[in-house]
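Q: When you get a sec, could you build the whole thing from the sequences and use the hints?
Going down the list, the protein sequences come from chains A and B. Per UniProt numbering, the very first residue in the first sequence carries number 1; after that it's consecutive. Per UniProt numbering, the very first residue in the second sequence carries number 1; after that it's consecutive.
Calculated from the structure, these hints are not laboratory results. It is possible that some hints are incorrect.
[Stated by the list, open to error] Restraint-style ranges between C-beta atoms, simulated for each label pair:
#, chain 1, residue 1, chain 2, residue 2, range
1, B, Thr48, A, Arg43, 21 to 29 Å
2, A, Pro211, B, Arg201, 14 to 22 Å
3, A, Ser191, B, Ala39, 30 to 38 Å
Positions of the beta carbon are idealized from the N, C-alpha and C atoms, including for glycine.
Protein chains: 2
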Amino acid sequence: MTLVDAAGAAPAPGSPVRRGPGRPRDAGHDARILSAAIALMERGEEVTVGRVVELSGVSRAAIYRRWPSMTDLLAAALDQGREAPPLPYGDDLLGALLEGYTSPLPAMGAGYSEERLRLRLRLALSDRRLAQAYWRSHVSRRRSGITALLQAGVARGELREDLDLEATIDLMNGVFYYQYVVRGVSFDDPSMLPRCREALRIVWRGIVREPDAHPG
Amino acid sequence: MTLVDAAGAAPAPGSPVRRGPGRPRDAGHDARILSAAIALMERGEEVTVGRVVELSGVSRAAIYRRWPSMTDLLAAALDQGREAPPLPYGDDLLGALLEGYTSPLPAMGAGYSEERLRLRLRLALSDRRLAQAYWRSHVSRRRSGITALLQAGVARGELREDLDLEATIDLMNGVFYYQYVVRGVSFDDPSMLPRCREALRIVWRGIVREPDAHPG
Numbered sequence: 001m002t003l004v005d006a007a008g009a010a011p012a013p014g015s016p017v018r019r020g021p022g023r024p025r026d027a028g029h030d031a032r033i034l035s036a037a038i039a040l041m042e043r044g045e046e047v048t049v050g051r052v053v054e055l056s057g058v059s060r061a062a063i064y065r066r067w068p069s070m071t072d073l074l075a076a077a078l079d080q081g082r083e084a085p086p087l088p089y090g091d092d093l094l095g096a097l098l099e100g101y102t103s104p105l106p107a108m109g110a111g112y113s114e115e116r117l118r119l120r121l122r123l124a125l126s127d128r129r130l131a132q133a134y135w136r137s138h139v140s141r142r143r144s145g146i147t148a149l150l151q152a153g154v155a156r157g158e159l160r161e162d163l164d165l166e167a168t169i170d171l172m173n174g175v176f177y178y179q180y181v182v183r184g185v186s187f188d189d190p191s192m193l194p195r196c197r198e199a200l201r202i203v204w205r206g207i208v209r210e211p212d213a214h215p216g
Numbered sequence: 001m002t003l004v005d006a007a008g009a010a011p012a013p014g015s016p017v018r019r020g021p022g023r024p025r026d027a028g029h030d031a032r033i034l035s036a037a038i039a040l041m042e043r044g045e046e047v048t049v050g051r052v053v054e055l056s057g058v059s060r061a062a063i064y065r066r067w068p069s070m071t072d073l074l075a076a077a078l079d080q081g082r083e084a085p086p087l088p089y090g091d092d093l094l095g096a097l098l099e100g101y102t103s104p105l106p107a108m109g110a111g112y113s114e115e116r117l118r119l120r121l122r123l124a125l126s127d128r129r130l131a132q133a134y135w136r137s138h139v140s141r142r143r144s145g146i147t148a149l150l151q152a153g154v155a156r157g158e159l160r161e162d163l164d165l166e167a168t169i170d171l172m173n174g175v176f177y178y179q180y181v182v183r184g185v186s187f188d189d190p191s192m193l194p195r196c197r198e199a200l201r202i203v204w205r206g207i208v209r210e211p212d213a214h215p216g
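A: Laid out in structure tokens, this is it:
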């Protein structure tokens, strides 16, 4: 498959998302807390700080020092293992988009799976606050790479100068989510990639600057 | 808000989806069976034929005569109350698309709600067979209106003759789903409609036939 809000991301911000001031922390704690949260979510259990303490062996204070709310912790846990393939920056912007969006599943990160994506989307649909926390702390950051790529295209005069970057990225990402969520197809469905590539070409024609555009 | 796979649909197929041969049926039974299924889903209970019999008072045989599997019944129940606003067919194809996709929530059907949409998407993400059944029996049918509208545009020479209709509709629908599923915004979020309208205009530029296109 491909991914969508992964495509063209900047280097992933450090995990966990928030770092407060204070003494240096045990990196092993982060991993234990996140694993405990993921395990609870995968079992369909509610993720409470008490259960995370129990499963991870990390103290309540240390958990809250890292993630100020359970929603923030859930968002970080759902993003675990997710990586963003670097987009090639070059002259061939359309090629970079097609490649970035249709790179194979392992480019999402070896520790990430389609099951994890489905879990994240289900939980986001049940809990709008979680969806918004995930959006702020993960998706919107991952979009920085593709945003920069498009901005460079605008600056070079290759893309329309009035381009709405948010709408453009929502369109390109949205067509992939539609495959999973509405069509119910899997990452490796053979019909999916050609359809999505064609969709990206439609977007391309909609964002590229017409060669004969006259000023004014 | 708007909807997406609702936009531009043909008259909704009769409910329930499948009609077998045989004696005329009690229409009240359909409604009771569907309500029972919805009630079970909303409570998070598993929808078994036994529980549907119990709640609806309709016999097992009568249920299976209408829906050959629980997956088919679930798909029909999730579509209950969903209506498809007719798209105006006229000369202004872009106007029709913008209007059809951004018509207010009541156009989805008075008996339909954002909560129902979220429930449908959550269940579809948990059960790919349900997603595919819903796609076949409901979404793909609802897309027939927008498909006809685009085909007419191609026939008139307004849209590109090599237009990939499936990719086009996936793009336009996908950008709306992205808002709910990934951004976590609601139907009435003030930023959503302008962004989606702009996305539809990008698609439009990508599908319209260039006026100076030379043949060959």
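Q: Now, for every hint given, state plainly whether the structure supports it.
A: Checked hints:
1. The hinted window of 21 to 29 Å between Thr48 (chain B) and Arg43 (chain A) holds, with their beta carbons roughly 22 Å apart.
2. For Pro211 (chain A) paired with Arg201 (chain B), a C-beta distance near 20 Å keeps the hint of 14 to 22 Å intact.
3. Taken as a hint, the range 30 to 38 Å holds for the pair Ser191 (chain A) and Ala39 (chain B), whose Cβ atoms sit roughly 36 Å apart.
Going down the numbered hints, you'll see the structure goes against none, and every one checks out.
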